[in-house]
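Participant: In order, the protein sequence lines correspond to chains P and D.
Take any residue in the first sequence, count from 1 to its spot, add 2: that is its number in the working numbering.
Take any residue in the second sequence, count from 1 to its spot, add 2: that is its number in the working numbering.
Hints may be right or wrong, so weigh each one.
Under the rule of at most 30 Å between Cα atoms (straight-line distance), these lysine-lysine pairs were calculated in the DSS-like manner [to be verified]:
| no. | chain 1 | residue 1 | chain 2 | residue 2 |
| --- | --- | --- | --- | --- |
| 1 | P | K90 | D | K24 |
| 2 | P | K90 | D | K113 |
| 3 | D | K113 | P | K230 |
These are computed hints drawn from the structure, not numbers from a lab.
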Amino acid sequence: MKSTAKNFEDTTIEVSKALGIELLELPRWNCCGTVYSLASDDLIHQLAPIRNLIRVQEMGYDTVTTLCSMCYNTLEQANQLVKNDPEKLEKMNSFMDSEEDYKGDVTVIHYLTLLKEEIGFENLPVEHPLTGLTAVPYYGCLLLRPEEVSIDNPENPTIMAELLAALGAHVVDHPYKLECCGSYHTVDYKEVVCEKTYSILSSAQNRGAEVVVLSCPLCEFNLDVRQKDLEKELAPMPILYFTQLLALSLGLDGNLGFDSHYVNPEPLLRKKGLLR
Amino acid sequence: MIPKISEDTTLLEKVEELSGEKIYSCHKCGKCSAGCPIGVIMDVRPHQVIERIQADDWSVLECKSIWLCASCFQCAVRCPKDVDLTKVMEALRLLILRTNVDQVQISEINKEDLEELPPVALVSNFRKSTG
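So that you can see chain D by itself, here it is in the shape it has in the complex (with noise of 0.2 Å):
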């Protein structure tokens, strides 16, 4: 679901003003999707997301890649231009977030799970995927 913030708002501006980071210094090197750990699963690649975002392309909220991103920040460390790509993923979660659509339930993990995961792992995947 796309949250509606409101009708003279671009996400770009969203973006920005959450992240905190220049969206048009991007240059479009792809050095990010190279080194993501996980960018070979994702359906958009990082570099990707920025390009939807320039674009103002609010569908980029459905992509499952936003939800992928583990905040690892080998983007970040390795962007020639200095545009953190994990606070602009974090960005776009929270534009999900914080119109109350958990992206997990608590009530749906089982009970074994539960019992093995080390506090730790839930605490950090409650921060990032819940509101």
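Only chain P is shown next, with the shape it has when bound in the complex (with noise of 0.2 Å):
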């Protein structure tokens, strides 16, 4: 969010600033761990996430937001982790000692979700309608799944596709749109990246789509910059963060960061009238 997702950030407290949400950023935040922590006996992995709603805590407020699906899941699942078994939370918080005790309380939600329930999309003040652009939503995994942190149906969400309709784009469904892209492997097993990103990119090209609109900042690099070994086998897909869009079909000005992309997304954008 703060280096290579920074469109990402910067989009977002633009849209907010336009729909009177007011975001105040946690002072002292530490990074989650970005994968939640799955073994019964491994508390340790558990600190970083909790120690984030222990800052939301301390300032009396009892909502997170977050962007990054990878942030969201890991939150949620540690926080319905130690909401579930009160042992864990009290061994959890006996260790920590500078920081006040969690209690619990606080309540993690992902961006679209406050989206849709605190603005509603059919309330968005949208000024150019993305009217000729055919987007496909790419949720990935960690918005859906494990089913306890869903912010949707976990085998066939709507929610992206409710808001890219708000904004008038033409929105298609395709099979991939929940499907795994290899995540962390871009690491070590890059042809296991780049397979899925040929799969997950064909599907919604054979479908028409003209952008795949996501938002999780590991998800759009490999999307992305993985198409980098697949210019042979693949015309390019423009990949855009949710709030992108949002930010056009708003009438924002300013840099939305279309250039921070692999994937230029500027000419098909220029095409469709969309930029200037």
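Hints are included, so try docking the two chains, each in its own frame, into the full complex.
Facilitator: Right, here's the structure in full:
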């Protein structure tokens, strides 16, 4: 969010301002660890997400919103773990010295859910509808699974499609919308990620997609940058964060970070009359 | 390398303890393997991983599948018997990682990749592949 996905954060801040949502950044956040620890005895790795929830509590707030799908998943799974297991919560609280005890009262909400529930997609003040743009949502894994933390139906989510339709885009469904992109294997099994990227993007392309829209910086890197190794097999497919298209349709000026992507979406958006 | 845990601990007991899952609940319907996004390139398919644990076959710790699993939770969502294979895979990985056998050597990642990869990729990879 602060480095390679800066365009995701920047456009969210601008969109929030335009919609009257006041976002406060945690003054002392730490990395959540990015992946939720799945072992029953591994409480040490649950401290990072729980510490972030304590920061929210310390500020006197009861809700934290996240953009990154991985942060959302890690924070919410850790939150549910301690809410359902008071013994583990007590053990972690007694381990942490300088922080106040976590009470288990913070709600973790993804920004998509916040937009849907607090603003309502139908109430978005769309100035420049995305007319003529065929978009497919890509949810990936961590907004939807495991089921307990899913922001929507884990087998057939529609939340991002609803948002894109409200922005005026032509939305098409495709079977790979919840398929894993290969995630962190992009470091040591690059070929696996290339194969997944090919499956996901060619499926979208076969259904007429012109742009793939998502919410995870790691999915973005994989689906976007890994196209470098697929130039022979695949026509370039722009990958965008949902907040970039939202900002564009709300008519927000300024840099929406389109030039930070490997596949530049600007020619497509210009062709569609969505960018000057 | 297969870690020797203890002569009198079965693999099944160890995995159940670490994962919190009931390995014998699995009735081998194969839904996990059918839905696994990486299953086709695995040397041991997801349902066969469970099968080997049931058989107390420690050689399952040598298969590539446990490192190819990316914890996408697809099998967990679809299992009709509520066995969370994602947690089982993590337990198997930890049995190796806790003997200090890292799967990724940070020093071996080339400079070009290190500069290009986003922090989220590196952190998640090291969390899953190193002890």
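Participant: Does each hint fit the structure? Answer for all of them.
Facilitator: Each hint, compared with the structure:
Straight-line distance between C-alpha atoms of P:K90 and D:K24 comes to about 21 Å, which keeps the hinted pair within the 30 Å bound. Distance restraint check for P:K90 and D:K113: the Cα-Cα separation of roughly 41 Å exceeds the 30 Å cut-off, and the hinted pair is therefore not satisfied. The straight-line distance between the Cα atoms of D:K113 and P:K230 is roughly 18 Å, inside the 30 Å bound, and the hint therefore holds.
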